[in-house]
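Asker: In case you want the letters, here they are:
Protein chains: 2
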Amino acid sequence: MGEFELIRHYFAAAPCAQGGDGVVRSIGDDCALLALPAGEQLAVSTDTLVAGVHFPEASDAFLLGQRALAVSASDLAAMGATPQAFTLALTLPSASETWLAEFARGLQSMAQSCSLALVGGDTTRGPLSLTLTVFGRVPVGKALLRSGAQVGDLLCVGGELGDAAGALPLVLGQRETTPEISAALLARYWSPQPQLALGQALRGRASAALDISDGLLADCGHIARASQVALQIELARIPLSAALRAFAGEEQARLCALGGGDDYRLAFTLQPDLLAQLQADWPEVRVIGRVLAGSGVQLLDAAGQPIEPPRGGYQHF
Amino acid sequence: MGEFELIRHYFAAAPCAQGGDGVVRSIGDDCALLALPAGEQLAVSTDTLVAGVHFPEASDAFLLGQRALAVSASDLAAMGATPQAFTLALTLPSASETWLAEFARGLQSMAQSCSLALVGGDTTRGPLSLTLTVFGRVPVGKALLRSGAQVGDLLCVGGELGDAAGALPLVLGQRETTPEISAALLARYWSPQPQLALGQALRGRASAALDISDGLLADCGHIARASQVALQIELARIPLSAALRAFAGEEQARLCALGGGDDYRLAFTLQPDLLAQLQADWPEVRVIGRVLAGSGVQLLDAAGQPIEPPRGGYQHF
Chain A
1 MGEFELIRHY FAAAPCAQGG DGVVRSIGDD CALLALPAGE QLAVSTDTLV
51 AGVHFPEASD AFLLGQRALA VSASDLAAMG ATPQAFTLAL TLPSASETWL
101 AEFARGLQSM AQSCSLALVG GDTTRGPLSL TLTVFGRVPV GKALLRSGAQ
151 VGDLLCVGGE LGDAAGALPL VLGQRETTPE ISAALLARYW SPQPQLALGQ
201 ALRGRASAAL DISDGLLADC GHIARASQVA LQIELARIPL SAALRAFAGE
251 EQARLCALGG GDDYRLAFTL QPDLLAQLQA DWPEVRVIGR VLAGSGVQLL
301 DAAGQPIEPP RGGYQHF
Chain B
1 MGEFELIRHY FAAAPCAQGG DGVVRSIGDD CALLALPAGE QLAVSTDTLV
51 AGVHFPEASD AFLLGQRALA VSASDLAAMG ATPQAFTLAL TLPSASETWL
101 AEFARGLQSM AQSCSLALVG GDTTRGPLSL TLTVFGRVPV GKALLRSGAQ
151 VGDLLCVGGE LGDAAGALPL VLGQRETTPE ISAALLARYW SPQPQLALGQ
201 ALRGRASAAL DISDGLLADC GHIARASQVA LQIELARIPL SAALRAFAGE
251 EQARLCALGG GDDYRLAFTL QPDLLAQLQA DWPEVRVIGR VLAGSGVQLL
301 DAAGQPIEPP RGGYQHF
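Sequence order for the protein chains is A and B.
So the first sequence is numbered by this note's numbering: it starts at 1 and just counts up by one.
So the second sequence is numbered by this note's numbering: it starts at 1 and just counts up by one.
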């Protein structure tokens, strides 16, 4: 099967490639065409996943399709954008029909759950990797940025952290555990749910936001730097799942949350008087610290004493 | 040097990352933000270049940066879009400062010549490959599509074809030639000039268009299929450069043009009465055939006799 036929067969025919809101022209020409309503701007983000670096070479194709799109869509959530479309650049060592069918099915499943339409891309031969570019709409001036955190704001997260990092020994087949724990952690690794609705709800509320992909510490460092403030995190307030605590123990679970990455939950800063109403709609939102004058990220132990942050965040080089 | 520092140092600091028309927010947040004037749509295209498949592993980094962006920008030309911005997903086996500096310089040079602003991307570790996503603006309803060719239209190209394919033995170091011929052919391989101004001039004139990346035959096949017509090409009218004819001989030169790809010139269809004025402004535009009822691509030899097309177009799989 030729390259063009491949693309047509597995991707152009996918339901997620059948257009959507604002998609004027999809796969099949030199460019896709997107329309944008008056008063809105386009949010754009590009992410690459490389086999052997971001996921095991022999990963299940369905799960990989799901995860790749979730990881990218999470950047739209972080900006408070309404999801619109995506392109897929897929590099493959060989063209296995089974692999492509499963991958397309996983992609389709996440595309549907995120309301994202596949509008174009490229298929090339080479070592397995995927680059997704996602597009979303956001009203002018309403995008959530990393740079608006104010001294006195609360530091919040969109839910339990560390599960995906904790799942790594399971992903790599290095450890076993009960089916319940395994299922819970692996689901958070393979099908993270981008917090798109929460991101949109935070428009006009959160003073700064991002999605946690490099690990809580590294990502809070990004907010602190962009906002020129310090962020203080109370270790005891970081929400951890029962599955992760049972699997890794309390201390390791906390390290997974601080440095592990791959959570794809939102972290954001908020004026204290906005918390009660937000938590009424989003009970999974938790306060984990606050914004102070200064710079960098500070950690407090359960007794409120400053402690040295562990080295955290994944560095590719 | 960490991943974040790398990106900041070589890309965020590049002049092409300092914003531009319609770039509301560039590198440094979870998404870039683009604005679109009322009455315009966004054209989007994604292309991947893989080392060892689309360019030699040991390619000069400056030339690679230049070529990668040119290849992508050419898709904007093909739609008649006004260039706006691009994202770069760069996968590298290791982080060499010299390589990155040269690559960024090459990218910058083409970005400037195409008026494209770097607005975001991703840097990952892995086998060398590049995925660029380009953005352009086009007035509603004015994008050049592959699907509008009408029986009776002329088939035109934006200039001489085959040079880049002919340059391959020079790129791979398999042949030598005079400095003049070598320079002429290698320039067309490493720094193709996307025909952005011609593309914009064709808005409202050309009935169908694309950029020649897979080879004239394969790409004309795309127009024929999308427009549900036949395209007839007169072999003797395909414009070939003096350098290519001297290097490869007349017959090989023609095969390079028909099947070689990598030209990044526009091919388009046009009502005959529009030709004279177009050629007054764009003397490099050449008529190479016409649009007939039917399907597929037909070739005529110098005597006007139908001949069998050679197998053409690059297939990745």
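Calculated directly from the structure, the hints in this document are not laboratory data.
As the structure is a computational prediction, the values presented were derived from the model and not from experiment.
Check each hint, because a few of them may be wrong.
For each label pair, taking beta carbons as the anchor points, the in silico distance ranges come out as [what the hints assert, rightly or not]:
(1) A:Q228 / B:L275: 16 to 24 Å
(2) B:V140 / A:S295: 41 to 49 Å
(3) A:L168 / B:S96: 44 to 52 Å
(4) B:T98 / A:L168: 30 to 38 Å
(5) B:S295 / A:S109: 34 to 42 Å
Each residue gets a CB set at the ideal place from its N, CA and C atoms; glycine is no exception.
Asker: Next step is simple, just say for each hint if it's right about the structure.
Answerer: Tested hints:
One distance hint, 16 to 24 Å for the beta-carbon pair Q228 of chain A and L275 of chain B, is violated here, with the actual separation near 60 Å. Against the hinted window of 41 to 49 Å, the Cβ-Cβ separation of V140 of chain B and S295 of chain A comes to about 47 Å, which satisfies the hint. As the Cβ distance of L168 of chain A to S96 of chain B is approximately 29 Å, the hint placing it in 44 to 52 Å is violated. At about 34 Å, the beta-carbon gap between T98 of chain B and L168 of chain A stays in the expected band of 30 to 38 Å.
The hinted range of 34 to 42 Å is satisfied by S295 of chain B and S109 of chain A, whose Cβ atoms lie roughly 36 Å apart.
In this structure, the earlier hints numbered 1 and 3 are contradicted, and the remaining ones agree with it.
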